[in-house]
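Q: Next come the chains, spelled out residue by residue.
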Amino acid sequence: MTISATIRSDATRRTADSWRRQTSLRRFYTALGIGLLLIAMCTAMWFADEANAGHFFDRLPHILDFLSWLVPKDWNDVWRALFDIASPHDKGSQEFNFPLGRVYLWGGFYLPEYFELMLTTLNVALVSTFIGFVFAVPFSFIAARNLTPSPVLRLVVKRFMELLRAFPEIVIAGLFAAILSTGPVAAIIAIGLHSIGALGKLFYEINENIDMRAEEGLRAVGANWFERVRFAGLPQVLPNFMSYALLRIEINVRISTIIGAVGGGGIGEELKLSISRGFGAKTLALVLLLFTTIFLVDQFSAWLRRKLVGEQAFMMGA
Amino acid sequence: MVAMTADEMQAIEERFPQVFRRPLYKRFGPLVLFAGILLYLIYALWFFSLPQVLRESHWERLPLFLTQWISYDLQPEFRLDQPQITPKYPRFSALGEDPHPDWVIANANGSYTVLIDDRAKSVTFDKAEATLVANGQAVPVSLTSGKPVITGPVPDWITAHDDEIVARMGFAGEVRITVDRVKVRKRFLGWANFVFDTRSPFFGKSPGEVVSLLMSGPQLKPGTSNIALAADNIWNNAQWQHGDVWTKLFQTIVMAFLGTLLGGIVAFPLAFLAARNITPSGLLSQVLKRFFDFMRSVDMLIWALFFTRAFGPGPLAGSAAIFFTEIGTLGKVYSEGLENIDDKPREGIQSTGANGLLVQRYGVLPEVIPVFISQTLYQWESNTRGATIIGAVGAGGIGLKLWEAMRTNSNWANVFYMVLLVLLVVFIFDNISNFLRRRLSRTIHDYNRIQAEQG
Numbered sequence: 000m001t002i003s004a005t006i007r008s009d010a011t012r013r014t015a016d017s018w019r020r021q022t023s024l025r026r027f028y029t030a031l032g033i034g035l036l037l038i039a040m041c042t043a044m045w046f047a048d049e050a051n052a053g054h055f056f057d058r059l060p061h062i063l064d065f066l067s068w069l070v071p072k073d074w075n076d077v078w079r080a081l082f083d084i085a086s087p088h089d090k091g092s093q094e095f096n097f098p099l100g101r102v103y104l105w106g107g108f109y110l111p112e113y114f115e116l117m118l119t120t121l122n123v124a125l126v127s128t129f130i131g132f133v134f135a136v137p138f139s140f141i142a143a144r145n146l147t148p149s150p151v152l153r154l155v156v157k158r159f160m161e162l163l164r165a166f167p168e169i170v171i172a173g174l175f176a177a178i179l180s181t182g183p184v185a186a187i188i189a190i191g192l193h194s195i196g197a198l199g200k201l202f203y204e205i206n207e208n209i210d211m212r213a214e215e216g217l218r219a220v221g222a223n224w225f226e227r228v229r230f231a232g233l234p235q236v237l238p239n240f241m242s243y244a245l246l247r248i249e250i251n252v253r254i255s256t257i258i259g260a261v262g263g264g265g266i267g268e269e270l271k272l273s274i275s276r277g278f279g280a281k282t283l284a285l286v287l288l289l290f291t292t293i294f295l296v297d298q299f300s301a302w303l304r305r306k307l308v309g310e311q312a313f314m315m316g317a
Numbered sequence: 000m001v002a003m004t005a006d007e008m009q010a011i012e013e014r015f016p017q018v019f020r021r022p023l024y025k026r027f028g029p030l031v032l033f034a035g036i037l038l039y040l041i042y043a044l045w046f047f048s049l050p051q052v053l054r055e056s057h058w059e060r061l062p063l064f065l066t067q068w069i070s071y072d073l074q075p076e077f078r079l080d081q082p083q084i085t086p087k088y089p090r091f092s093a094l095g096e097d098p099h100p101d102w103v104i105a106n107a108n109g110s111y112t113v114l115i116d117d118r119a120k121s122v123t124f125d126k127a128e129a130t131l132v133a134n135g136q137a138v139p140v141s142l143t144s145g146k147p148v149i150t151g152p153v154p155d156w157i158t159a160h161d162d163e164i165v166a167r168m169g170f171a172g173e174v175r176i177t178v179d180r181v182k183v184r185k186r187f188l189g190w191a192n193f194v195f196d197t198r199s200p201f202f203g204k205s206p207g208e209v210v211s212l213l214m215s216g217p218q219l220k221p222g223t224s225n226i227a228l229a230a231d232n233i234w235n236n237a238q239w240q241h242g243d244v245w246t247k248l249f250q251t252i253v254m255a256f257l258g259t260l261l262g263g264i265v266a267f268p269l270a271f272l273a274a275r276n277i278t279p280s281g282l283l284s285q286v287l288k289r290f291f292d293f294m295r296s297v298d299m300l301i302w303a304l305f306f307t308r309a310f311g312p313g314p315l316a317g318s319a320a321i322f323f324t325e326i327g328t329l330g331k332v333y334s335e336g337l338e339n340i341d342d343k344p345r346e347g348i349q350s351t352g353a354n355g356l357l358v359q360r361y362g363v364l365p366e367v368i369p370v371f372i373s374q375t376l377y378q379w380e381s382n383t384r385g386a387t388i389i390g391a392v393g394a395g396g397i398g399l400k401l402w403e404a405m406r407t408n409s410n411w412a413n414v415f416y417m418v419l420l421v422l423l424v425v426f427i428f429d430n431i432s433n434f435l436r437r438r439l440s441r442t443i444h445d446y447n448r449i450q451a452e453q454g
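In order, the protein sequence lines correspond to chains A and B. 0 is the number of the first residue of the first sequence in numbering that gives the first Met the number 0; add one for each residue after it. 0 is the number of the first residue of the second sequence in numbering that gives the first Met the number 0; add one for each residue after it.
Okay, chain B solo, but in the shape it has when bound (with noise of 0.2 Å):
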């Protein structure tokens, strides 16, 4: 910046004396704000006692969970105690029931090879003796002497444990050694079986087959034509339930949809009895406005369990909820909307000698049908938001199906999918909602042009 003298800066002192000498709540102002934000802060480090549950954390489970969102693993295992070593795959497993990957080498002696990363990350064993590979080294594990014991140094991706050896391969995956078994977790990046679960008999065909199937392929299951029978794989898919989630999904839109546009029909003729400008009487007003802050200020969550328990779960009880507050917030910024507009055209209506229903119809809709149309959106898109969380405690849509894959821990690649699905709706309906309201702000632009143009 430029430097000035001493002189040219109380001159400009002495020009603006309100801006350099201001009252004191106004100088420190801020700095209380600030004070009492900070000591808010502080109280609040306490209340949630946040050092104590920073300290009880498990970070290491976040890169965990974020894995599992893009990949899946299959674990196969092998018995060493039984008098000739097979792979044994956990049931439901993603490679369907007489899996035969190519990954899980039987060796020519009886040994077995599992490629974990190809062949830079692999085990391979006997009953005997077990060889881990990975980051350049091959590490001989014995498990002759009624415990499986290294010979030589440990490597640090290895933790040799009393009666285990397990040896960790990054994201590749894991390996577990005892005497008696070998246990192999092999990850995979992508979701497993999206398109047709293991039960089905497109499962483990190349989409080229699957394509020369569904063309001219001989009938799968009798009477059925094969394009119908890989609709109904797909969308009864086991694993990943196609068609229940978007059937959910497609709860969850009706439910903002439905409680907007009903919240919206009762709060229109209400507006008019509420706005100060417009009602029959002052108390009616009084009363409505009430009502329209009752309905806002019972929360949405306590609508959604009381319908949920009266008309029991699904998107009914939503959709209600919904309703219900949105009677309260679109009633009260239609209101607000009304006492805002301009009284000439309906003094001009009204000077023609209208009836009061026909003032309003000529001179307060055309005006404020725009901005009401453009609340709406607005409510409703957030509604579509919204609608996702109520779902979860039971209201019906996405939301509870959502919540309750989350719970287990364990089916996060499900979740990512469903999360997917909403992030695609909710930027769809974004948009829609972005759209028509600058289509209609173009409108309301437009006529306050004219207005200004006119005088």
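Chain A extracted, bound-state conformation (with noise of 0.2 Å):
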């Protein structure tokens, strides 16, 4: 180094080795941060390895194989696998039987099967994200610190919603599924409860953030909590639970597609059979619609989201 040689007083060249002595030091702790989670990692990839079915290295030159019966033998049965279109494939067996899933609405306007599933993987969805948003509400101002002043109680919540945020969705689904003997009704249930606990934690810390002038202006008039928390602490936080919420809206579609596949019904269960069988036309069809549809719940959330509450829709930790 060049100042190095500078250097003219004592006090200064301490200060300089000093600085240089907590940088190595620090160079240290990094490198040795980043080495230690290498071996982490490549410990976890052998682990990963040895424990799966087929292993990395034998099955990556078949990953192609597996790839091509994904390619139909005709392209234009992708389309007909997703409006229900008979296709001149058809011999009778259950890889091309597309129009047997017709939902006939009325006369000989049917909505094609995979729409149908779809629909019902997004009203799942939609329902349990409305249940998650109604009693998170109420909740998360009761586990506001600022709100609510008895400790036992916000405790009690407080903990109450990370058990159901950290129960495993498919035990609730799979236990509500042998009592109601449905799959999406189930679903609704297990997403609903989860979203309960995952909205109602976002929510309480939006409400530990708000400005408590409007809270202390009731206070002094005599409002009761339910009118603190309704006049004062609900206009400044609605715009940012709705924002939470749609972004709720995106995380459940996914999730009801997961518990579809293990039982809930809709589309997921559809994918799991199809891929399972090797069916290439409708497993595209159906990859299709999938990625369309949460693409464009995605876009359309952020869009609305943006409208809500601007650009802080996207700030870290949402």
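No wet-lab data here; the hints were simulated from the structure. Because the structure is a prediction, the values reported are computed rather than measured. Among the hints, a few may not be true.
Heads up, simulated DSBU-like pairs for lysine-lysine below, C-alpha to C-alpha not over 35 Å straight-line [what the hints assert, rightly or not]: (1) Lys146/B / Lys182/B; (2) Lys72/A / Lys90/A; (3) Lys126/B / Lys182/B; (4) Lys306/A / Lys157/A; (5) Lys204/B / Lys220/B; (6) Lys200/A / Lys25/B; (7) Lys157/A / Lys200/A; (8) Lys25/B / Lys306/A; (9) Lys200/A / Lys306/A; (10) Lys146/B / Lys87/B; (11) Lys126/B / Lys146/B; (12) Lys288/B / Lys72/A; (13) Lys288/B / Lys306/A; (14) Lys182/B / Lys204/B; (15) Lys220/B / Lys87/B; (16) Lys343/B / Lys288/B; (17) Lys200/A / Lys288/B; (18) Lys343/B / Lys306/A.
Could you fit the two chains together into a complex? Lean on the hints.
A: Dropping the structure here:
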């Protein structure tokens, strides 16, 4: 370093030395941290590979074989599968029985099977987000430090929401599927309960950051707890609440597809069946529909969130 | 609230016209939104045919399932048509191969007494007559007339069918009596044989005996120390499958860790190329951003199903699915983080004549690294939870095991055991991630404060 050559005073040199020592120590720790992380990563990779049914390097050359079944003999079959139009390749097998799934609404007008399934999945996501929102709002006000004075009540509600958030959804879905003997409603309950916990946590963090002057004003005129929350809290936080609820819809569409695949009904189940049986055209149609829907939901929600709360909707921790 | 006069109200109204005379769409907007939601809910009610679902539901199963989470039952059966009455236990019963429980009592006169809830709820029977005791009543059942007959009034806890009499004794169990057999179900709180299964030589020994055997007992299996034998027995417990469950749990953790970390490593350089203010070309930025959107929009489920098919079921497929989704998610949040940076440090480094890489290293990285790590930790935490679910479609880990245990509707205690483990893991990882993120956000906070102080 050229600076050290020009250093004159002892004090400056000591400062420079100390800085250099600190830097080298910090570099050492960073290198150590990264090294440990890499070791952990390699061990984890080895472990995952060992535990898997097929091994990475054995299967790698066959990835393309696996993709080849996806390519349909006739690309038009993808559209036919999507819109339930009879295929000329139909020889009675399940692979090409597209018109069978038509859901007739009135007369000759039908909803293609996959759109119906997608609708189920979307409705599961929407209803469960609604359930989550309705319960999370009151819980979040009770859990907020600045609005609820009782620490015991706060703690109980917070722990309860934590439990709802961490409880594996498939267990609740499985439990209610056995009781209700139907998939989608069980999925709604499972995802709804999870949403209460997830939204509740985000909501009460917003509540704790509100401007308390409005609340003080209401308190001064003798408003009770409900009035304070309704007129001082809610107007401040509602745009943020809506923004998080929209984000939750995006997540819940994804979860509802997955829960569907393990017995919750909807498009997830069909996709799982189709992939496991190796139906190329059907799989592509389903993936296309699912991809487009999720993409549109994401874009629509992003647009709405930007209108509601501006760029803030995309800050960290979302 | 304090009452106001009409004049005061009007004065306030005139002072704040923007509050009281709002445009029509703003005034009726919430109402329309509310009506829309209501209509949608009515539609959803019809769509899921909720009334019918509720009518056909079996809510009586819920308490049954829930009690099975924390209890187990034993079902001895007594044949009355054999020369001598002897209790028979089902194979693989929790009592082991040669059970002599103290709640089954062989009386001196050849009859048997089974204590279901001590003496308060019990059944005593020989070949001619059985006596059911519960709720302070003793009900005699005669077995001699070809079918079981109750003489006298039938209390409401007993159901008399044509050829069978069922006595329900609440949580404690139930008794079913026909002319040729008596079946008892006795329920116990807790998990049966959680540590040692019935095949283990340590089975049925008290904790004190086990400890003394471990410390200084003779070798139960020659050539193996008792501690090694006990560990092996616990790990391979046939009923609870501790070894398998813990391995699968570890697989789930590994899936989330590996997927998130690899996703972060790949997304990191791509985010620099995608960030509007850093990218070398606007086209590249757009292409990469659409690529991130694509990776996110192809659901984790689709990736999981594809990789399960490609690599076979297991944690490799799960890791790969999380990895691919995470490239999209982390790529998006990283590039957004980069777009929000302060440009002044970069300009400062640039003015010293540093090359492009050095500008990024000293002008950008110090600012974004805490944010990046924090985001990655957040994703790691949420993926630990998500890895449980995608496991159920075959992507490995505890999810599949959980799902298999649940499908039979009979193994709820095992399900609960795994749920507790999952909750524990999620709880621990939430706290680690929260702790680290709080430390980091303090760093970010300090940085912002110093920035603010320096103007």
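Q: Now tell me, hint by hint, if it's right for this structure.
A: Here is what the structure says about each hint:
1. For the proposed pair Lys146/B and Lys182/B, the alpha carbon gap of about 15 Å is at most 35 Å, so the pair holds.
2. Proposed proximity of Lys72/A and Lys90/A is supported: the alpha carbons are some 14 Å apart, at most 35 Å.
3. For the hint linking Lys126/B to Lys182/B, the alpha-carbon distance of about 14 Å falls within 35 Å, and the restraint holds.
4. The hinted pair formed by Lys306/A and Lys157/A meets the criterion: a straight-line CA distance of about 30 Å does not exceed 35 Å.
5. Pair hint Lys204/B plus Lys220/B holds up; C-alpha atoms about 16 Å apart against a cutoff of 35 Å.
6. The hinted pair formed by Lys200/A and Lys25/B meets the criterion: a straight-line CA distance of about 29 Å does not exceed 35 Å.
7. At roughly 8 Å between alpha-carbon atoms, Lys157/A and Lys200/A fall within 35 Å of each other, so this suggested pair holds.
8. In summary, the hint linking Lys25/B to Lys306/A is supported, as the alpha carbons are separated by about 15 Å, within the 35 Å threshold.
9. In summary, the hint linking Lys200/A to Lys306/A is supported, as the alpha carbons are separated by about 23 Å, within the 35 Å threshold.
10. For the hint pairing Lys146/B with Lys87/B, the CA-to-CA distance comes to about 22 Å; that is within 35 Å, so the pair holds.
11. For the hint pairing Lys126/B with Lys146/B, the CA-to-CA distance comes to about 12 Å; that is within 35 Å, so the pair holds.
12. Proximity of Lys288/B to Lys72/A is assessed by CA-CA distance (about 32 Å); at most 35 Å being required, the pair is judged to hold.
13. Among the hinted pairs, Lys288/B with Lys306/A is consistent with the structure: their alpha-carbon atoms are about 21 Å apart, no more than 35 Å.
14. Taken as a hint, the Lys182/B and Lys204/B pair is honoured in the structure, with Cα atoms around 28 Å apart against an allowance of 35 Å.
15. Between the alpha carbons of Lys220/B and Lys87/B the distance comes to roughly 30 Å, so the proposed pair stays at or under 35 Å and holds.
16. Taken as a hint, the Lys343/B and Lys288/B pair is honoured in the structure, with Cα atoms around 25 Å apart against an allowance of 35 Å.
17. About 30 Å separates the Cα atoms of Lys200/A and Lys288/B, which keeps this hinted pair within 35 Å; it holds.
18. Taking the CA atoms of Lys343/B and Lys306/A, the gap is near 30 Å; set against the 35 Å cutoff, the hint holds.
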